[in-house]
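Asks: Once you have looked at the hints, place chains A and U with the ligands on chain R.
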Amino acid sequence: TELRLSHQWSNKDVRHQVAQIIADEVAAADVDLEIKIFGSKSLFKPREQYKPLSRGQLDMTVLPLSYAGGQQPAYNLTLMPGLVKNHDHAARLSESPFMQALEAKMADDDVMVLVHGYLAGGFVGKDKCITKPEDVVGQQTRAAGKAFEQMLAGAGASIASMASSEIYNAMQTGVLTAANTSSSSFVSYRIYEQVSCYTPASDVALWFMYQPVLMNKSTFEGLNEAQQTALLEASEKAEAFYLEEAKKQDAASVKVFQDAGVEIAQMTAEDFAAWQAVAQETSFKAFVEEVPDGQKLLDMALSVD
Amino acid sequence: MDPLVLGALVAVSTVIVLFSGVSVAVGLLIVSAGFLMIFDGMRSLELMPEILFGKLDNFALLSIPMFIIMGASIASTRAGADLYEALERWLTRVPGGLVISNLGACALFAAMSGSSPATCAAIGKMGIPEMRKRGYPDGVAAGSIAAGGTLGILIPPSVTMIVYGIATETSIGRLFLAGVIPGLMLVGLFMAWSLYSTWKTGSARLLTAGSYTWRQRLEILPRVLPFIGIIIGVLYAMYGGIATPSETAAVGALLCLIIAMLIYKLWSPKALWHVLRDSTKESVMILFIIAAAGVFSYMLSSLFITQSIAEWIGTLDVNRWVLMGTVNVFLLIAGFFLPPVAVILMAAPILLPIITTAGFDPIWFAVVLTINMEIGLISPPVGLNLYVINGIAPDISLKTILKGSLPFVACMVIAIILLCLFPGLATWLPDAVMGPSF
Amino acid sequence: MAGQTPAAPDEVGNHPFLRLVAALSTVAGWCSAGMIVLAVAITCQMIFVRFVLNGSTVWQTEMVIYLVIGATLVGLPYVQRLRGHVNVDLIPLALPMAARRGLAILTLSLSIAIIGVMLWYGYEYWHFAWERGWKSDTVWGVRLWIPYLALPVGFGLLLLQLIADLVGVLTRTETPFGLGDD
Ligand code: NA
Ligand code: NA
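Residue numbers (the working numbering), protein chains in the order written: chain R, 1 to 305; chain A, 1 to 438; chain U, 1 to 182.
Next comes chain R alone, as it looks inside the complex (with noise of 0.2 Å):
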């Protein structure tokens, strides 16, 4: 049997070296199974993926669900600003109700995850350096995700919509003044190039997206038990090494900035308690007017410790 999995990275990215171990594991299982990899949106654009994987014309992909937050809006909850404060609160999150809650949405579409994952981000500036909500008043600002172009809103930013891929021209010419997105992507576009100042995250940070490993379920179930064992063998496999390399990103991304000589600055816990309270006015007040259940899902992700 033969799966297609979809993704939007390089070679070299860790979500894609996840996928590859999933594919490399299910290899030396023997059992009649290989998973053949389109990365680098050679299939699918990024955005394009979750309808064929819920409708089985894609079998699995490496997805940011916050893209399919238009077909299922309680998945906006997986790109909330200070819902996930590092790495180990992630990891619980995955863990909890509140992810069930979210996987019984999925199953709705005929979707399971086979690995979790949050990866994590944070803010440039080309001027100056953002750690709190006054800092992004006036600034013509890029966002990653809605939910944070509302919180932004909030705080008194411009918000410029436009693809990953023009942010470094857009701050070059100084079209964008500060933007936001993941360790990764600021690395990959080289950000550090046109700014002065790099918001990584550490201890906590603001910015923290899932990112999973998806699979239509029907495919799955079609499986016979050998296969599905393998598969879920492996998965199990690479979520343990997903979780690493994502903190190693984020340390990673601080030593090319800084290899660059751009300044670090850090977000400390008061700055993080301001977010969320502006946060709380903003995205969240949407998510919930938007959700019909939203409240109680907030509060189950809110409950994890």
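Mixed in with the good hints, there may be bad ones.
Stated by the list, open to error - The calculated DSS-like cross-link candidates involving lysine-lysine, where the alpha carbons are at most 25 Å apart (straight line), are:
no. : chain 1 : residue 1 : chain 2 : residue 2
1   : R       : 45        : U       : 135
2   : U       : 135       : R       : 41
3   : R       : 296       : U       : 135
These are calculated hints, taken from the structure and not from any lab test.
Replies: Just chains A and U with the ligands now, with coordinates in the frame of chain R:
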């Protein structure tokens, strides 16, 4: 089936289907559907509209209709003639002033138009009859305009550069800058050839014909100011922090429409509708090819053909210049038959990994590829510019136009060779303006 | 001739079906051009809001993308009517008139088949988005059935225009591939 064999099968089928006279975009859809159905099952067929929509779901594509409107609105006024006349009045004392004026006007017009046929038509309408009246050989008159028109896609803005930038995820701002110096170099080569051939056919006395007073020269200057204004405005918006390159196109389109209306009195709804109709027609045609080529490349990727070809080339142990030569021949042949946009979209996903693995710069390659496409525009059997010239000057036979264009093809080949010898011709300017490339 | 022919509408004669389709395609062309103009205006408004007012631009990018997609898909029948979709007509040119007519009927039928497939699955995709209440994953959160509507509408009208072209060739009100009897 082995993906490489499958790839060969796709290539043969594509050639047969496209040569049957079906439109290029629909032909690509037909081939894609056929192969998806047979080798990937009906489920893939379901995905076609979704993928087609997804390929168009890209903000950068906005700039294609915008840059086309820029060219079309200016071309519908007498601005092209003004530009050409101004250059001529100033260059009469220069040997071969007339043909030099025409090529210069083409180059300047190219800086406002994203497409080649538009450039060709705008300057040719006035330039060709004038050159013939002054006794320039038909071949030189027609060939210089056909070739000068091709600069539309090399000198920024350029629709094909945008398409390349989208297909390969390279910076469009950088690509635009990369075309500037090679574009000027090509203009130089074209001028050199035109002068030489006019002189050789014994028309030397024509070279200095015509004379204008200083008054005549000065009074025409204000009429070229709008051009300069548009070019500076667009450049400033693009590189001065006002807008991203894709957004700048809209500024340019608006500027050109306003100038066409205010300065050239393009007021009547009918005239405006003609501009809009022609722009819509060309844009929709190109965008549909982009969308269909997206489905085609999904098919190639889904059947693992793209990946296998790249892998296979990687295992070949050939000299990188032999590789580049082969790629050029392939592009040339494809360009003979297909419009540039289709060639770029079908070839870029397959060629780019090969090119970068062999150590070539993707920005530099974009320029080489574009010059290849320019050759296709003035060569049979599908040379869009040739037919534009044929429309302007129906009494010059297609054979004469073709013969007149051939030496310009040689100039383009020389330009490609120069670019191979001195890659800095393409990469220096973008690096100087935007910092070293990725 | 090869490539694009000048913007001369094809011969529709007095055939009511051909005239109806021609009218529909023309209206579609106006809509397409209108969407392009609107896209220019909105982009300029976005630059103004961002650069001059230093304000937020949340919905413009998305709106412009959907307008350009809409202009493309809805413009298809009009461009088909103007024979603006570029093609390579080497083989048709080389053939005698009778064979050329046969080839035109074949390629038009194939085109009708593939556009029929696109219409069918395009409608299904649109319907799916409508039924499930899909939205875009942005702050603006457009209901996706609205932009997706361009798929069934555009391909539906293009299908009609292609059928009209086929009827035109069959009833000999039009020459195959728009090529004259040379
Ligand atoms: Na140009
Ligand atoms: Na050609």
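Asks: So which of the earlier hints does this model not fit?
Replies: Violated hints: none at all, because every hint is consistent with the structure.
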